[in-house]
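Going line by line, the protein sequences match chains A and B.
No gaps in the numbering here: position 548 of the first sequence is 645 in this note's numbering, and each next residue is one more.
No gaps in the numbering here: position 25 of the second sequence is 26 in this note's numbering, and each next residue is one more.
To be clear, the hints were calculated from the coordinates, so they are not data collected in a lab.
All values reported here derive from a predicted model rather than from experimental measurement.
Keep in mind that the hints are not guaranteed to be accurate.
Capping the alpha-carbon separation at 30 Å, the derived lysine-lysine pairs in DSSO-like fashion look like this [to be verified]:
(1) B:LYS113 <-> A:LYS374
(2) A:LYS153 <-> B:LYS36
(3) A:LYS516 <-> B:LYS94
(4) B:LYS36 <-> A:LYS151
(5) B:LYS10 <-> A:LYS233
(6) A:LYS302 <-> B:LYS113
(7) B:LYS104 <-> A:LYS455
(8) B:LYS26 <-> A:LYS287
Chain B is nowhere near these chain A residues, computed Cβ spacing over 10 Å in every case [said to hold, decoys possible]:
(9) LYS148
(10) LEU256
(11) ASN370
(12) GLU372
(13) LYS377
(14) ARG442
(15) GLY443
(16) ALA444
(17) THR445
(18) THR543
(19) ARG564
(20) PHE575
Ranges of calculated distance between the beta carbons of each label pair, as one might list FRET restraints [claimed, not checked]:
(21) B:TYR20 <-> A:SER306: 22 to 30 Å
(22) A:PHE273 <-> B:ASN85: 31 to 39 Å
(23) B:GLY131 <-> A:GLU550: 56 to 64 Å
(24) A:ARG225 <-> B:ARG65: 49 to 57 Å
(25) A:ARG225 <-> B:GLY131: 38 to 46 Å
Glycine included, every Cβ here is placed at the ideal spot set by N, Cα and C.
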Amino acid sequence: MEKEIVATLRAVTAKPDFLTTEKFDAMLGGWGVFNLGIWAAANIIAKEIKKGKKLKLEVSNEAFTDVDEIARKAVKRLIECGADPANAALATATLLYWAGVNVQCGIPCPNRKLGAVARMAAGIPSGRVSSIPTEKLNNKISGFAATLAIYQALEKEHLAPFDPTLLPLGIGGSPFVGHSAIGEDHLFPKLGQKLARIGTRAMLKAYESAGMRPCRWMSALLATAATLEIIHPDAYVGEEYGEFLVTRTPEVVAEAAVQEAAMPEVIHIRGTNEELKTAKVIGDLAIILKDSGTPSVVGMIMFNEICSIIKEGAALGVGRAGGPLLLPLNHWVTAPSLALYLYGRGATEEEIVSILQKALDDYFQKEDAIVATNILARRAEYLERGPLTDAIIRATEPAMTNAITRRAIYAYTQMKEGKTFEDLLRDVQTRHINAIAEAVAKKMSTMLGKNIEYIRFLEVRPGAGRRKHKFAQKYFAFDAYIDVEVKIDGKVHRWENLLAKVAPEALLKGDKETMDAIASVGMAVTELLNSGACSMDVVVCACVAAAMGMDPKEAAERAAEVANVIISMPAPSLKKATQMASDIMKGLDF
Amino acid sequence: MQNAGEYLKRVMVLGDYCYLESAKKTVLTVFGCIKVFLSERDIHRVNSILPEELQSLWQVSEIRREENNTSSEDCIGLLQRAGNYPYRAAAEKAIKVVFASLKEVLTADGLKEFVSLIPSSLREIFNSSGVCVFDSSAEEFL
């Protein structure tokens, strides 16, 4: 193999952040994001499982259990990796849940709840659902919408199924109500389901009013959590609602929320297709949310991303980095979360590798997703090595090596045959854009039930004219100009300056027909805007150019200038990579 | 237990399955895989110790020939392949669920005989298949 290709292969993978425009070290600081901490915490939990620690909340007669100990270790690591303590508590509880820990056990002593275990491990006060924000979907709301609606309903109507003034004196809080037919068969399930419906409707409405597409997942979750702040959250229920020792109030309450939010009754795990009852998952996670303190918006983003192992995630609003979109890498935790889920259930490393590879099929840009997952895993290993990153690196290394090598050979051959570096970059960028268009057209046809024959990007460049600043003229992500044509069910739509002109005009006019058509290309446009998440196409070309003798600084600058869609924002790591390629090339003596 | 449907509903609870069909598929695949490892005589013996309501499930359970083409494969491996379980532990869980359900419907003598007939590799799973439901509050009493 040519030295230039060898130098490129080694250079682009020398450091994990050479293949992205994102700043990995900044994912560890105090500004809030802490996804690398989640990778580390997941490895910690996996190592505790390997040691034989018991992942179960039990009614054992002891002050501290294995779960308490694991939670403390995970919380500590998350805080060291930049997480706010409340976010660390929520992430820990959620990871432990997906690893297989039950969310509650016992009545009355011990009465252990996973969210509270994690919160106490973090040493923080309890919170209230009204203070829990939703994930940021550009804007965000909070559980206050559900709480407000629930209390307004409690004030306006009588919601309990009986007149509580008739209850005998002195039995308030006693098993007379709580552990008998009055509470378990009537009060808790009937009141709980009413409140959950009210809360869910209020959340859905609040999302809409605040200019967001309603998130069914978060609406059901926070409404269920708000309801569980009012009704008994641990009670078993009458046989009509579920089996004794199996079904408790959270699942029953969540059933109503799930129906109100029009969620499917059954959801699935990515890569394995295992079936889960939606109401059970919502009930379990709602009780974690209720008990684990007051997370920030970033904490809720991470909570959702940990849960993005749910296959229906993209449609329901359960995280966004699990596919099909290639999101900024500070969102990505699906791989460690899924690996932990499997590890906790006894899957072997071979099996985890195979399932992770399958789960990566869900992305529009599979190769870029594989690279993104690999570089995050390798960066996370600086923080905490363990069985999960071992498996993730194994799952991604072969395809990543293949993807990089193919690109390096292509770039080298093209330039060797006389193509200029600039022409090569234009060619590579066009291929990248076309590949996105093709993949999105194919998958969106299935998702929307339409025949999207093609998506063609006619012009894609920085500088849509909304902003005058030269920075916006230079970098695609800050003022993207896009002309696109799409053929849907036989009809051709052609839009000029989609983001700055067509989409806002259609939306503000309430032009449903145009917006429905734009839905077919929306994800492709988002993929373009997020292109920098994996900058492999450009980095490889620039490194080959540097290895072939071009000044490394010039190679990086020219690449960023010409491939100004894929490098959608400034990328200091590109210069480091080209310098590395040049240095390696000079040192090769075979 | 009044009928096979009621039994399958219980399997659904024990395995935390979302559909009755999933419970039925589990029972039939586990039964079918166990049968592959039993002699004709032992297949009849298991049939005779099962409650009448379950005998038809045992009788109709069968692993298709193409799924049973690896002579060196153990029962769990065969189940993983035949039941399309994504990992071996998921197949083990399915066996555990079915064993737990049988512990609820077989007589003490029937259980003793059943465990003596099944492949030895499954006996450990049989012994640990007490409680499959997630809630652990009453586990030590069950």
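Against the structure, the hints come out as follows:
1. Restraint check for LYS113 of chain B and LYS374 of chain A: not satisfied, since their Cα atoms lie roughly 35 Å apart, outside the 30 Å limit.
2. For the given pair, LYS153 of chain A sits about 34 Å from LYS36 of chain B by alpha-carbon distance, which is inconsistent with the 30 Å threshold.
3. With a C-alpha separation of about 59 Å, the suggested pairing of LYS516 of chain A with LYS94 of chain B is violated against the 30 Å cut-off.
4. For the suggested pair LYS36 of chain B and LYS151 of chain A, the alpha carbons sit about 34 Å apart, so the restraint of at most 30 Å is broken.
5. Between the alpha carbons of LYS10 of chain B and LYS233 of chain A the distance comes to roughly 41 Å, so the proposed pair goes past 30 Å and is violated.
6. Between LYS302 of chain A and LYS113 of chain B, the direct Cα distance comes to roughly 59 Å. Violation of the 30 Å bound is thereby established for this hinted pair.
7. Taking the CA atoms of LYS104 of chain B and LYS455 of chain A, the gap is near 37 Å; set against the 30 Å cutoff, the hint is violated.
8. Distance restraint check for LYS26 of chain B and LYS287 of chain A: the Cα-Cα separation of roughly 34 Å exceeds the 30 Å cut-off, and the hinted pair is therefore not satisfied.
9. Taking the minimum C-beta to C-beta distance to chain B, about 18 Å, the non-interface status of LYS148 of chain A holds against the 10 Å cut.
10. Listed as outside the interface, LEU256 of chain A is consistent with that label: its C-beta sits roughly 27 Å from the nearest C-beta of chain B, beyond the 10 Å cut-off.
11. Against the 10 Å criterion, ASN370 of chain A falls within the reach of chain B, whose nearest CB is about 7 Å from its own CB.
12. Its closest Cβ contact with chain B, about 4 Å, brings GLU372 of chain A to no more than 10 Å, contrary to its assignment away from the interface.
13. Here LYS377 of chain A does not stay apart from chain B, with its beta-carbon only about 8 Å from theirs, under the 10 Å limit.
14. Against the 10 Å criterion, ARG442 of chain A falls within the reach of chain B, whose nearest CB is about 5 Å from its own CB.
15. A Cβ of chain B approaches the Cβ of GLY443 of chain A within 10 Å, the least distance being about 3 Å, so the stated non-interface status is violated.
16. Its beta-carbon lying about 4 Å from the closest one in chain B, ALA444 of chain A breaks the requirement of being farther than 10 Å from that chain.
17. At the 10 Å boundary, the C-beta of THR445 of chain A falls inside the reach of chain B, the nearest C-beta of that chain being 7 Å off.
18. Against the 10 Å criterion, THR543 of chain A stays outside the reach of chain B, whose nearest CB is about 22 Å from its own CB.
19. Non-interface status of ARG564 of chain A relative to chain B is upheld: no Cβ of that chain comes within 10 Å, the nearest being about 49 Å off.
20. Against chain B, the non-interface label of PHE575 of chain A holds: every CB pair exceeds 10 Å, the least being about 43 Å.
21. At about 37 Å, the CB distance of TYR20 of chain B to SER306 of chain A disagrees with the hint of 22 to 30 Å.
22. For the pair PHE273 of chain A and ASN85 of chain B, the beta carbons lie near 50 Å from each other, so the given range of 31 to 39 Å is not met.
23. Checking the proposed 56 to 64 Å range against GLY131 of chain B and GLU550 of chain A shows it holds: the Cβ atoms sit about 57 Å from each other.
24. Range check, ARG225 of chain A to ARG65 of chain B: Cβ separation about 56 Å, and the 49 to 57 Å hint holds.
25. Roughly 39 Å separates the CB atoms of ARG225 of chain A and GLY131 of chain B, a value that falls within the hinted 38 to 46 Å.
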